[in-house]
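**Q** Single-letter residue listing:
Protein chains: 4
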Amino acid sequence: MIRVGIVGSTGYGGCELVRFLLTHKEVEIKWVSSRTYTDQEYSSVYASYFKLLDQKCVDENLENYLDDVDVVFFATPQGVCAKMINQNVLNKVKVIDLSADYRIKDVATYERWYGMEHASPEFIKEAVYGLCEINRNKIKQARLIANPGCYPTCSILSIYPLAKAGLIDMDTLIIDAKSGVSGAGRGAKVANLYCEVNESIKAYGVTTHRHTPEIEEQLGYASKQEVLLNFTPHLIPMNRGILVTAYAKLKEGVTKEEIEAAYQCYDDEYFVRVLDSEKIPEVRNVKASNFVDINYKIDPRTKRVVMMGAMDNLVKGAAGQAIQNMNIMFGLDEKEGLLLAPAVL
Amino acid sequence: MIRVGIVGSTGYGGCELVRFLLTHKEVEIKWVSSRTYTDQEYSSVYASYFKLLDQKCVDENLENYLDDVDVVFFATPQGVCAKMINQNVLNKVKVIDLSADYRIKDVATYERWYGMEHASPEFIKEAVYGLCEINRNKIKQARLIANPGCYPTCSILSIYPLAKAGLIDMDTLIIDAKSGVSGAGRGAKVANLYCEVNESIKAYGVTTHRHTPEIEEQLGYASKQEVLLNFTPHLIPMNRGILVTAYAKLKEGVTKEEIEAAYQCYDDEYFVRVLDSEKIPEVRNVKASNFVDINYKIDPRTKRVVMMGAMDNLVKGAAGQAIQNMNIMFGLDEKEGLLLAPAVL
Amino acid sequence: MIRVGIVGSTGYGGCELVRFLLTHKEVEIKWVSSRTYTDQEYSSVYASYFKLLDQKCVDENLENYLDDVDVVFFATPQGVCAKMINQNVLNKVKVIDLSADYRIKDVATYERWYGMEHASPEFIKEAVYGLCEINRNKIKQARLIANPGCYPTCSILSIYPLAKAGLIDMDTLIIDAKSGVSGAGRGAKVANLYCEVNESIKAYGVTTHRHTPEIEEQLGYASKQEVLLNFTPHLIPMNRGILVTAYAKLKEGVTKEEIEAAYQCYDDEYFVRVLDSEKIPEVRNVKASNFVDINYKIDPRTKRVVMMGAMDNLVKGAAGQAIQNMNIMFGLDEKEGLLLAPAVL
Amino acid sequence: MIRVGIVGSTGYGGCELVRFLLTHKEVEIKWVSSRTYTDQEYSSVYASYFKLLDQKCVDENLENYLDDVDVVFFATPQGVCAKMINQNVLNKVKVIDLSADYRIKDVATYERWYGMEHASPEFIKEAVYGLCEINRNKIKQARLIANPGCYPTCSILSIYPLAKAGLIDMDTLIIDAKSGVSGAGRGAKVANLYCEVNESIKAYGVTTHRHTPEIEEQLGYASKQEVLLNFTPHLIPMNRGILVTAYAKLKEGVTKEEIEAAYQCYDDEYFVRVLDSEKIPEVRNVKASNFVDINYKIDPRTKRVVMMGAMDNLVKGAAGQAIQNMNIMFGLDEKEGLLLAPAVL
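Protein chains in written order, with full-length UniProt numbering: chain A, 1 to 345; chain B, 1 to 345; chain C, 1 to 345; chain D, 1 to 345.
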């Protein structure tokens, strides 16, 4: 059994980690920690876990709890994991960080977009960007995983095949993304009240959202060039899910067959489903599951390709991919604990 | 492996059966049938099952498919199962009927409330009312299960302990219930369009809803008296879930301790969670799971007890309980395939 | 022109007052006050009012602003109005209090249910309970209006005809009510976040909700007897609206005709619509309007009547009724500024 | 009084026309017609209009009803108006067509995108495209108005200033739009059921949506060049509203000041609100009103401008703009009957 600890367990990401880990047959949750709810029962924070996880939340003095676990998930706000990690921690346990602290290789870029100093830049190089389908081999060896952001996971997986194959003009890339409200976290803010979000939609972080450089960096690796793009997220009145609609000019002479061939890179991937021609990804078809549904449409009039991806922001965009990373790191079947079919309703 | 067939597989109940059966490790789905979508791939009806269940729906000529399966689920409209069942069917397979056809023992009562003639009343007596927590022993021996209705399951489980213990005046019983929209089925009706249901709430079937006699019959067995009650269902703008709020006068002199003791009848039940004092059942805490959360509140001013239950109408109220019945009938662990934690988000 | 001031203008009740008052042709909004947003533009709090009400919120030093207005609305939390009112205020302006401070005639009852000391009990006797359809004549003379609570407005109007006519057994009265989330206010609480409320339903304040004694008092006046009842509110995932489903035993021998006749008391009321037989009140049919839709259903099996009412909690349940009261107090057409048709979508 | 008739009154567009016209003080609704609900009371179709509009729907034999009215609104599916219009009709009444029949000047383009033959192309030239803010003068003289589509209204108004001023490269224009479900109409289709739309989002009509040529034509007039663009609509789980997010490259050397100046073209427009810098349009801020909220954000990294617009699809995108057109045609104050403040909740 893999012994697991979760730091920051009472946010929505932590809550979803618990949901999947409770039915993962190779895992035992040894402790869950929470700054806000220390010493309170986990099931008093989320009554859904009554009789399923009634243990009390421990504090965030990580050192006291390291010996009990093999792996620690950080489902914490930006900057927390970077402060808590050190050589001792990494010597004792594997770390999967669901925050952005180790995702961006260039510290200056991180500090500029996130507006904070990085507390432990010395571990950035070692950290592996945990986009499983693309970095699987590196993940196997890693002791520190930077679990990708929700928008980046969906965006990169949707665009990667064409970026990698060099079929699109990267300078024309525009990503218009839509997310459910759980992505905004569980903080008690007026802006996230039911009546403020329901029956509405808005863009946010226009031209300045922090996931932009993460997407640019990864698509830069794929396309072997520097990438600058527009990324605009929108808040949608639903609990879960992300939909990405991305646009790019096809390079001169690119054929439908080449595009089709490029997307075959996912043929052996269980969690990435490239839909049949004419089928459009919908959030409901992946909800509460670790699947990403992807497809594309060529516009012969404008010579653009529209790339689309749908995903659950809390699963493949957070907890599910974190567990997928754990499975890979510990040599388990990558799908273990993640086999739930989507809850279309 | 238990070989399973599903008649009426493309309604919401059938869809949810598939979701759970796909991860049930003792089950193989041999065929799914559909009148509307015969010969179409199941995943073309519900794209969430793409690459998970791509087999084509067979027609409803049940006799042709009996030899391939050990158990048949009927997730069909009222009257269909009663027409398709006969001795030959019951000799060959076990049957779990999610419709109301065999729930009510008195044929006249059934025909009056459902407004249709019963096509096979000869099997009513044999059929076991599949409320697992109450009829477990009979279910073990059954070959024909009348899977309880969604409202009845939640209502009966909430009220049963006090009815059984004789602590409430059954003549004062009022059940006010609220359900998500999936309970209305997948028929293409204006009344169930998004814009007609969203941002609204209404009662329906006031004083005439068909689940009334089913609840009355079962609470009659529990209380050993004839029961007449008011049951009012309401339509709520959410996909899943049922909340029951029931009211009754406490009998003279009944104490808090007696009530508490009565609810201890569920102490060994995994799927029925009697909440701690002062905790209120919420639909979100049971969503997409087979749990029923129950609690009660005594009002010393009016000498009434308010009994509350929350449940997922598609799971414990339909597909989940059907699988729980199957597990019991086949001697499996009752929880097999049903261990998903609630998806609070 | 009636010059209006609004204390506590930035809550949802205040926001809705502004929406109606902006198109009321006899009204000029002279100032809006806010503790939280003092000196900020009203349209920076609610961007919907950009270019419609850009004035800055004043502080809550009421005395400084009294001379500018003829009437002051208090859309404030419990206890605030009671503290701010005095003879000087009442000599200068008419006051319409949307909070509960002056609704309950018995101070001890108020203090017990609200858990606070009343700051100005000397004005309780003078205050008129502003349920327009019932107290219209007293409202005409009033200088201090206790604007009824949302649940009480809908509950009382639904039950009043039968209580008044003595057709139901008041001891058997049970009110099961359902409200949209705006009723919970605009406070930044985790419990009211989108993801905590959406796709769920729960009861709250079971047996202890503060609107209980308000309903009991008013129905006591109508039925000329002391009334003790059960009132259970539920939180529904929608922005606006209240639905009340109430149950009572009919007195021996009461006929359908007597019930019908009782509800004819509303025949001349514009804002109370008694629906045709068999029509069921729905929240969507009154949304964003000042209407209350009412109907009833007799159950010959149980000898009970089910009384139903649908209403917009922010309009007839708060701002709309407050303006209706103002219209009556100032001798205007009662409907002025309130003629909007319901926004069914 | 302007005497009004509405053909196709029972769809969502017709329903919203009725809502506004009922409080328009210069209008009398003489008849409403409906193919589906002929001879049924309008308030039996939409119970929200009980006691407000109880007249029976007439059939669609337009000729019989022409003499009773001064203007006819067509809120009908594509092709219906084109079939019903002739010289006699236009001689007798003014016509405002909310469908697409007369929006596109080139018949071949219309027939290609709409897949139907145009029944009365002889009137296309005369028809005025009723985008009030841009074609006000022509509208004054018109007897046949092609009321703009919902997506086109929001898209064109958001982009028009920069297209007109020649500040963006029209070849790079991408419009990503999001609409509430009422845009899909009131047809009884499985795809529009509550449970199919709720908690999800999807694109539709990708590269092929019929509003594309309408937007291209109008932006062509503004920019004085042929325009080909990508337009992708998405379905959002909310009743009302459209959000447009559009992207284009700024032409070399264009300054912030030039962009700001371009948007000042709306300075005198009541219904178009260009927001203050950094404010982002949200659907809730315009809901149930005739406002369009617009803003833009320059991205210095990519040299693109992101243009955003929020609008109510049923009001400024349909019924409200139709009434605005009527007001202009009849020489009334353009705002008459349209002064409702947005219902932010």
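Calculated from the structure, these hints are not laboratory results. Fair warning: there could be bad hints in the mix.
Any copy, or any two copies together, can satisfy a pair, since identical chains are not distinguished.
[Unchecked claim] Below, computed lysine-lysine pairings styled on DSS-like, alpha-carbon distance capped at 30 Å:
#	residue 1	residue 2
1	249	25
2	249	56
3	279	56
4	56	138
5	251	297
**Q** Classify it for me, residue 251 with residue 297: is the Cα-Cα distance of at most 30 Å met within a copy, between copies, both or neither?
**A** both (15 Å within a copy, 28 Å between copies)
**Q** Regarding residue 279 and residue 56, is the shortest C-alpha distance of 30 Å or less found within a copy, between copies, in both, or in neither?
**A** between (46 Å within a copy, 18 Å between copies)
**Q** Between residue 249 and residue 25, at a C-alpha cutoff of 30 Å, which is it: within one copy, between copies, both, or neither?
**A** neither (46 Å within a copy, 47 Å between copies)
**Q** My question is about residue 249 and residue 56: at a cut-off of 30 Å on alpha-carbon distance, are they close within one copy, between copies, both, or neither?
**A** neither (53 Å within a copy, 38 Å between copies)
**Q** When no copy is specified for residue 56 and residue 138, does a C-alpha distance of 30 Å or less occur within a copy, between copies, both, or neither?
**A** Answer is neither: 35 Å inside a copy and 40 Å across each miss the 30 Å cutoff.
Hint violations for this structure: numbers 1, 2, 4, all remaining hints satisfied.
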